[in-house]
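A.B. asks: Please take these sequences and the hints and turn them into a complete structure.
Chains X and C are the protein sequences, given in the same order.
Start counting the first sequence at 1; every next residue gets the next number (this note's numbering).
Start counting the second sequence at 1; every next residue gets the next number (this note's numbering).
Keep in mind that the hints were calculated from the coordinates and are not lab data.
There could be a bad hint or two in this list.
Unchecked claim - Residues of chain X clear of chain C, computed beta-carbon distances all greater than 10 Å: (1) 13; (2) 39; (3) 40; (4) 54; (5) 61; (6) 77; (7) 82; (8) 91; (9) 94; (10) 98; (11) 100; (12) 101; (13) 103; (14) 107.
To be verified - Distance condition first, Cα-Cα at most 20 Å in a straight line; then the derived EDC-like pairs of lysine to aspartate or glutamate: (15) X/61 with X/85; (16) C/280 with C/316; (17) X/38 with X/48; (18) X/74 with C/34; (19) X/74 with C/35; (20) X/74 with C/31; (21) X/61 with C/57; (22) X/38 with C/30; (23) C/600 with C/589; (24) X/74 with C/43; (25) X/61 with C/16; (26) C/848 with C/858; (27) X/61 with X/42; (28) X/74 with C/858; (29) C/396 with C/75; (30) C/712 with C/858; (31) X/35 with C/43.
Note that beta-carbon positions come from the ideal geometry of N, C-alpha and C, so glycine has one too.
Single-letter residue listing:
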Amino acid sequence: MAKDTDRRDLFPGALEIMILQTLRLRPMHGYALVKHIKQVSDNLLEVEEGSLYPALQRMLKGGLLESEMGTSAKGRPTRIYRVTDAGLRHLEKEISSFEKMFSGITRVLAVARA
Amino acid sequence: MQGLSRLFRRRQRYDDLSASIREHIAERTDELVDEGMPRLQAEQVARREFGNVTLIEERSREVWQWAASERIAADLKFVFRRLRKSPGFAATVLLTLAIGIGANTAVFSVLNSVLLRPLPYPEPQELVSLHLNAPGAPGLAEFRNELRLSASMYFTFAAHNRTFQFVGVWGPGTASITGLAQPEQVNTAQISDGVLETLNVPALVGQWLTPADQDAHGLGRVMLSYGYWQRRFGGDPGVVGRTISVNSQSRVIAGVMPRGFKVVNYDFDLLVPLALDPTKEILAGFAYRGIARLRPGVAIPQANADAARLLNVWMDSWSNGPGSDPHWYLRWEITPALQPLKDAVVGSINSVLWVIMGTIGVVMLIACTNVANLLLVRADARQQELSIRSALGAGKWRIARELLLESLTLGLLGGAAGVAVAYGGLRLLTAIGPENLPRLSEISLDGWSVAFTLVLSVLSGLLFGAIPVLRYVPSRQHLTLLGTTRTASVGRERQRGRNLLVVAQVAMALVLLIGAVLMIRTFLAMRNVDPGFSDPASLQVMRLSIPETLVRDSTTVVRMQNSIINKLAAIPGVSSAGFAASVPMSGAEPSWDEILIEGKNYEGDNPPMRLYNYISPGYFHTAGTRFVAGRDFTWAEIYSVRPIGIVSEGLAGELWGSPGAAIGKHFREFESQPWHEVVGVVQDVRENGVDQVSPATVYWPPLMGDPSVLEKLGAWRTVYFALRTPRAGMQSLVSDMQQAVWSVNANVPVTDVSTMQEIYSDSMARTSFTLVMLAIAGSMALVLGIIGIYGVISYTVSRRTREIGIRLALGAQRTELRWMFVRSALVLTAIGVGIGVAAAAGLTRLMKSLLFGISPLDPFTYAAVPLVLAVAAVLASYLPARRAASVDPVEALRAE
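C.D. replies: Here it is as structure tokens:
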């Protein structure tokens with residue numbers, strides 16, 4: 001199972017960042033999350049359900065998210081996930097470290113091309 | 001409380017998760033329906049897109065779990081459910097394990113308590129026994145495996161040693177206590193200064209004996225043992241300072257030693273000061289056992305070197321009287337061989353205990369193989385289930401874990417039941433164990449025993465669990481094969497596993513049975529030895545002591561002993577009576593020295609040591625010891641102090657060629673003694689047990705010395721009376737004996753009342769104990785082995801029913817079929833016997849010291865035991881083979 005997740009995640013932590021970022025816009029339930037990421041990324045990124053739900057539980061446990069009873073668009077009961085303050089702080093930190101990494105990678109690639 | 005609420009919240013989480021996933025799929029379905037897909041198809045697509053709901057839920061839940069332990073808990077629940085579903089299997093396995101583990105724990109507890117646990121004294125590793133060898137004193141080894149210390153040696157050691165903190169000597173004795181209740185004979189430990197300091201266990205009440213108590217001219221105080229204090233004084237702490245009459249002398253009680261305190265391995269009632277007088281001691285008098293506490297950091301070789309130096313100091317500073325050569329003892333080549341005190345306490349029992357431990361361990365192995373066999377059959381039945389699970393994606397490790405968990409659970413449950421069995425087994429062991437087993441009272445189940453049980457349970461669980469795991473955990477490549485065995489006969493490979501187990505079982509059972517038969521043959525060989533007395537069951541023995549403080553005059557002592565004999569012989573049913581200083585196998589401290597024979601020049605010679613005994617007229621007749629030549633003493637000769645003696649057959653042959661030639665010859669102990677005439681020669685007596693050589697023995701009259709000077713006459717004051725009577729062992733006889741003694745003197749207590757049969761059996765206790773234990777282990781092994789063979793053959797038969805049907809249909813003869821199965825059992829047995837014989841030949845060497853009269857490679861045993869096993873194997877395989885042959889071909893082909 002660990003092998004499978006590695007393959008689908010771009011790199012460790014990417015899924016978490018996308019979830020946090022998406023939920024920052026507004027709290028939503030699992031299916032909405034998947035759809036949102038797919039749409040926003042122009043179908044480039046697809047979130048596997050097999051990774052999503054364990055990841056949500058991990059983040060709940062880590063205190064990055066909290067969940068509450070809510071209803072879906074169709075009016076059925078489901079769980080709505082919301083980012084906590086700790087989640088926001090974690091997101092900021094991750095984003096800045098990602099940006100550093102990206103700029104590093106970009107520079108290396110630029111040198112290699114030249 | 002917190003755990004509970006967390007569990008509750010977790011349940012909530014799980015429900016939320018399921019709700020989320022349900023909604024996820026529902027929403028996707030709705031979307032697909034909106035896109036125009038039929039609902040039924042939309043539901044399927046949505047589910048397929050989502051993936052394995054159960055798996056995803058499980059993985060999501062794992063986030064909240066203490067993963068490993070919960071998975072194991074779930075597996076455990078499954079294991080218990082499966083065990084409950086097959087109570088027959090569970091009961092068989094648990095019973096086998098409980099008995100196996102229990103027996104092992106019990107024997108280990110004995111081993112641990114006797115051999116491994118340190119002695120109950122502070123810093124026990126510093127304690128040594130002052131063991132001396134005297135290889136230059138020929139004959140001594142026939143009745144003593146060491147040279148005891150003389151009092152003068154003790155004085156030298158105490159004053160001049162450089163390696164001891166403390167040193168002391170002691171000896172067992174008896175004393176009669178009067179004035180409390182009936183006159184009572186108690187066991188005393190006579191101790192020198194230094195013994196209590198060496199052992200270093202403080203008094204429970206009052207104080208230790210002090211050097212002042214050792215004054216040879218005073219009457220030193222005494223100490224009580226805990227047991228005697230409780231028995232006679234009701235545990236009254238005010239007993240210190242009171243006086244009691246010991247051998248008719250008033251002695252003050254100094255204190256009480258705590259419960260369980262022994263002097264080395266000797267359980268005493270009373271500690272009495274030896275009160276040695278250095279002004280009167282000579283070199284000789286090798287009567288005491290020495291103990292010492294080494295200075296910290298001193299090793300035994302260092303102490304041995306010190307003791308060797310001290311022996312020279314001893315010869316330089318003492319003598320055996322004017323004109324004697326103090327360095328004469330150089331001939332004896334006295335060499336110190338100090339031992340850790342524990343070795344001296346434990347003695348020779350350790351070989352017995354290790355043999356028994358090994359035996360019981362092998363029984364455990366056999367039990368494990370049987371359980372492994374049962375597990376194999378069970379795993380066989382689950383093979384379908386296991387391959388399906390494997391096909392569904394269960395990992396190898398996942399399945400192995402479950403199988404191992406099952407066997408570990410069985411092992412631990414068996415171990416728990418085993419502790420209960422061990423508790424019972426220990427009581428049994430201590431009951432049937434040799435009464436002289438050292439440290440018997442210290443035997444208990446302790447933390448080590450429990451740890452041993454735990455380790456044994458886990459190890460055996462892993463052992464019998466590993467076999468089905470190795471056989472049955474399928475690798476993915478095997479998947480296709482696994483499903484196809486339904487109609488075929490059993491695959492060779494699987495059958496080979498079970499066959500191996502049977503071979504191992506037969507081999508181990510053979511080793512144990514050979515051990516057991518060797519012990520039985522040893523026992524029979526010992527029973528066949530003429531011990532030198534007849535019909536021990538009708539020979540009653542008691543010990544009696546007439547202390548000097550009660551009767552001073554030696555002749556009076558002998559007259560008293562004579563009239564006791566007369567009174568005893570007059571008891572109804574008693575045909576004869578007599579006494580001896582020591583009866584065979586009683587463990588009485590031997591008396592010994594060399595003898596010189598008339599007409600032989602001993603210049604520069606070193607005559608061997610002879611065992612001495614002192615006997616009354618009629619003793620040999622009573623004991624049933626045959627006269628080979630000559631005659632018995634008469635009372636008239638005793639009272640006139642005629643210098644006469646009787647010698648043993650072996651000694652007569654050695655000194656004068658033949659028993660007949662010995663009569664009329666003369667010998668003496670030392671030069672100032674008159675020549676004693678040999679008047680009789682008696683058969684050899686196995687003084688130290690039937691498995692030991694008969695020592696060359698000199699029997700002296702009980703009254704000896706210079707009849708013209710009253711003080712120079714000596715009598716033997718502590719003697720064993722022997723009575724020949726069919727009433728031996730009866731309580732009524734004992735009270736008659738007591739009455740007879742008291743009619744002569746009311747202050748003489750009677751002790752050590754037993755029949756010669758009891759003494760004889762006690763001397764064989766080590767052998768019979770080993771025999772019983774090996775016989776139990778051997779029969780368990782045999783039964784388990786037969787069950788193993790039966791199980792394997794009958795399982796093979798049931799698996800091959802179809803094949804049998806085909807063979808029968810094609811015209812195979814039923815007798816031929818039966819023989820086919822019996823033959824396969826015989827082949828396995830033969831291989832097992834081959835391995836077992838080789839193993840037994842190696843292993844029984846280890847029990848050589850326990851055997852008597854036969855070799856560890858006794859041909860009879862090595863022929864008979866395999867034969868018995870082969871017969872057992874034929875029987876065990878014949879029953880299932882007959883079933884195979886009676887199969888109806890039509891039924892067989894339809895089977896499965």
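A.B. asks: Does each hint hold? Answer for all of them.
C.D. replies: Now the hints, each set against the structure:
1. A cut-off of 10 Å between C-beta atoms confirms that residue 13 of chain X is not in contact with chain C; the least separation is 16 Å.
2. Residue-level check passed: residue 39 of chain X sits 13 Å from the nearest beta carbon of chain C, beyond 10 Å.
3. Every beta carbon of chain C lies more than 10 Å from that of residue 40 of chain X, the smallest distance being close to 17 Å; the non-interface claim holds.
4. Residue 54 of chain X, annotated as away from the interface, has a beta carbon of chain C within 10 Å; the closest lies near 5 Å.
5. For residue 61 of chain X, the shortest C-beta to C-beta distance to chain C comes to about 5 Å, within the 10 Å cut-off, and the non-interface label is violated.
6. Residue placement check: residue 77 of chain X does not keep its beta carbon more than 10 Å from all beta carbons of chain C (closest about 6 Å).
7. Every CB of chain C lies more than 10 Å from the CB of residue 82 of chain X, the least distance being 14 Å, so the non-interface label holds.
8. For residue 91 of chain X, the non-interface assignment is confirmed: its Cβ lies about 20 Å from the closest Cβ of chain C, beyond the 10 Å cut-off.
9. Chain C leaves residue 94 of chain X outside its interface by the beta-carbon criterion, the shortest separation being 19 Å against a cut-off of 10 Å.
10. A cut-off of 10 Å between C-beta atoms confirms that residue 98 of chain X is not in contact with chain C; the least separation is 24 Å.
11. The Cβ of residue 100 of chain X lies farther than 10 Å from every Cβ of chain C, with a closest approach of about 29 Å, so its non-interface assignment holds.
12. Every CB of chain C is more than 10 Å from the CB of residue 101 of chain X (nearest about 27 Å), matching its label as outside the interface.
13. Residue 103 of chain X, annotated as away from the interface, keeps every beta carbon of chain C farther than 10 Å; the closest lies near 33 Å.
14. No Cβ of chain C approaches the Cβ of residue 107 of chain X within 10 Å, the least distance being about 37 Å, so the stated non-interface status holds.
15. As the CA atoms of residue 61 of chain X and residue 85 of chain X are separated by approximately 14 Å, the hinted pair is consistent with the 20 Å bound.
16. Restraint check for residue 280 of chain C and residue 316 of chain C: the C-alpha separation of about 17 Å stays at or below 20 Å, so the hint holds.
17. Restraint check for residue 38 of chain X and residue 48 of chain X: satisfied, since their Cα atoms lie roughly 11 Å apart, inside the 20 Å limit.
18. The straight-line distance between the Cα atoms of residue 74 of chain X and residue 34 of chain C is roughly 12 Å, inside the 20 Å bound, and the hint therefore holds.
19. A hinted pair counts as satisfied when its Cα atoms are at most 20 Å apart, and residue 74 of chain X with residue 35 of chain C qualifies at roughly 16 Å.
20. Taking the CA atoms of residue 74 of chain X and residue 31 of chain C, the gap is near 11 Å; set against the 20 Å cutoff, the hint holds.
21. About 15 Å separates the Cα atoms of residue 61 of chain X and residue 57 of chain C, which keeps this hinted pair within 20 Å; it holds.
22. Distance hint between residue 38 of chain X and residue 30 of chain C is fulfilled; the C-alpha atoms sit about 18 Å from each other, no more than 20 Å.
23. Using a Cα cut-off of 20 Å, the hinted pair residue 600 of chain C and residue 589 of chain C is violated, with the two alpha carbons roughly 30 Å apart.
24. Proximity of residue 74 of chain X to residue 43 of chain C is assessed by CA-CA distance (about 16 Å); at most 20 Å being required, the pair is judged to hold.
25. A distance of roughly 14 Å separates the Cα atoms of residue 61 of chain X and residue 16 of chain C; the hinted pair therefore holds under the 20 Å criterion.
26. Between residue 848 of chain C and residue 858 of chain C the CA atoms are separated by roughly 11 Å; this keeps the pair inside 20 Å, and the hint holds.
27. Between the alpha carbons of residue 61 of chain X and residue 42 of chain X the distance comes to roughly 31 Å, so the proposed pair goes past 20 Å and is violated.
28. The suggested pairing of residue 74 of chain X with residue 858 of chain C is violated, with an alpha-carbon distance near 92 Å, which exceeds 20 Å.
29. For the hint pairing residue 396 of chain C with residue 75 of chain C, the CA-to-CA distance comes to about 15 Å; that is within 20 Å, so the pair holds.
30. A hinted pair counts as satisfied when its Cα atoms are at most 20 Å apart, and residue 712 of chain C with residue 858 of chain C does not qualify at roughly 56 Å.
31. At roughly 18 Å between alpha-carbon atoms, residue 35 of chain X and residue 43 of chain C fall within 20 Å of each other, so this suggested pair holds.
Going through the hint list in order, the structure does not satisfy hints 4, 5, 6, 23, 27, 28 and 30.
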